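Student: Sequence:
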Amino acid sequence: MSPSSRLASASLGVSLVAALVGCSAAGPGGSETPSRTTATSAPPAGATSTPSPTPTDDGAAAPSGTPRVIATGLDLPWSLVRLESGATLVSERDTALVKEVSAAGEVRTVGEVPGVAPGGEGGLLGLAVSPDDPTSLYAYTSTSSDNRVLRIDLTGDAGGYGLGDAETVIDGIPRAGNHNGGRLAFGPDKMLYVTTGDAGNTANSQNPDSLGGKILRLDPSGAIPADNPFPGSPVFTLGHRNPQGIAWDAAGNMFASEFGQNTWDEFNQITAGSNYGWPTAEGIAGNPDFVDPLVQWSPRDASPSGLSYADGTFFLAALRGERLWTLDTTSLDPSAVPPTAAFFEGDYGRLRDVIRGPGDTLWLLTNNTGRSPRPGDDQILEVDLG
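First residue of the sequence shown: 134, per the numbering used here; consecutive thereafter.
It is worth saying that the hints were derived from the structure and are not from the lab. Among the clues, some could well be false.
What the hints assert, rightly or not - Okay, the calculated beta carbon distance ranges per label pair: (1) S464 - G289: 16 to 22 Å; (2) G310 - A383: 34 to 40 Å; (3) G519 - A336: 32 to 38 Å; (4) A356 - R489: 26 to 32 Å; (5) G292 - G206: 17 to 23 Å; (6) D342 - A236: 44 to 50 Å; (7) G310 - G289: 32 to 38 Å; (8) D352 - D298: 16 to 22 Å; (9) G198 - P267: 40 to 46 Å.
Quantities reported herein were computed from a predicted structural model and do not represent experimental measurements. Virtual Cβ for every residue (Gly too), placed ideally from N, Cα, C.
Hey, can you work out the whole structure from these sequences and the hints?
Tutor: Dropping the structure here:
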């Protein structure tokens with residue numbers, strides 16, 4: 134049965150009704166979703182910001198030194214994914230090209246992803262590679278009618294990768310000029326997680342029959358896992374506006390970064406079956422039907438996109454905020470806000486993605502072309518972890 138047919142199953146609407154009234158479903162993303170008062174470590178409702186960014190000195194990983202330029206001249210890049218070979222792939226949103234970056238920083242074109250119809254914030258977005266099959270490249274794409282995920286044969290070897298046949302993993306995700314979500318990642322359970330935006334229609338996020346405003350969970354073939362929180366549905370969590378970063382800590386707990394509207398951006402712990410409140414709630418709301426963020430920022434300070442984890446620290450790439458945020462979760466306590474710190478504020482412009490690089494490094498991806506490019510933009514930067 135195709136993903137679209139599965140979505141049309143009558144069981145989908147029935148199974149998601151509970152989520153709209155504050156479901157606490159157990160699932161593979163963690164233990165049973167705690168109640169509102171114990172699920173988050175956010176400041177109390179009414180707080181105006183997170184604590185002042187102060188780097189911590191408790192052994193958590195942090196950027197060290199000045200970033201080095203790895204590659205330049207990229208055109209609206211969106212996502213980075215490292216391969217076992219040591220090469221890195223990068224997607225370009227509007228050209229629909231996948232490019233390969235060698236360990237030495239040499240850039241070459243791998244191929245063009247078929248069927249992409251760029252426009253606004255849509256185009257070729259997230260990339261991921263199956264942990265069990267390094268020849269299976271997954272791409273989140275915008276077509277003329279929807280957003281969808283493709284599985285594409287990755288041919289060749291480092292220095293000569295190419296794109297082969299493509300097949301649809303899931304389609305029917307709402308698309309619009311903005312709020313398209315687009316991040317892909319394989320979790321510790323080797324399932325594929327997909328972030329989707331509300332596509333400018335806030336009703337999508339709470340609509341049980343829409344794939345918009347959700348985090349989806351699929352097996353690599355596109356089938357719906359039997360242990361998903363809502364039987365017969367790819368929906369893992371709902372009530373999102375425009376999540377663009379997902380990552381897991383060393384214990385397998387899942388977290389996500391999310392664009393707010395005018396008031397608060399969010400860093401959320403993600404648990405199966407939970408409802409994150411949009412459009413009723415933005416940031417910390419104190420509504421028992423929804424899960425509050427662990428940390429919130431004004432959009433001018435964040436507008437978060439890619440998210441990565443290393444040695445007790447989450448690294449969050451900020452677009453409008455033009456900085457790299459760190460969140461120290463080495464001693465995550467439900468009664469305390471994870472300590473945060475900001476790095477490289479304004480130094481490199483908009484940061485779209487962040488991933489682990491070779492050795493003890495991070496790779497940062499700028500996203501200035503199409504807006505206010507700087508000399509050499511767009512770039513991949515490498516910084517040591519200390």
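Student: Please go over all the hints and tell whether each is borne out by the structure.
Tutor: Consistency of the hints with the structure:
Between S464 and G289 the C-beta distance comes to about 45 Å, which lies outside the given range of 16 to 22 Å. At roughly 38 Å, the beta-carbon separation of G310 and A383 lies within the given 34 to 40 Å, and the hint holds. A hinted range of 32 to 38 Å for the beta carbons of G519 and A336 is inconsistent with their spacing of about 46 Å. For the pair A356 and R489, the supplied restraint of 26 to 32 Å holds, since their beta-carbon distance comes to about 29 Å.
A hinted range of 17 to 23 Å for the beta carbons of G292 and G206 is consistent with their spacing of about 19 Å. For D342 paired with A236, a C-beta distance near 46 Å keeps the hint of 44 to 50 Å intact. Under the hint 32 to 38 Å, the C-beta atoms of G310 and G289, about 35 Å apart, fit the expected range. Take D352 and D298: their Cβ atoms lie about 19 Å apart, and the range 16 to 22 Å holds.
At roughly 31 Å, the beta-carbon separation of G198 and P267 lies outside the given 40 to 46 Å, and the hint is violated.
Checked against the numbered hints given earlier, the structure breaks hints 1, 3 and 9 and satisfies all the rest.
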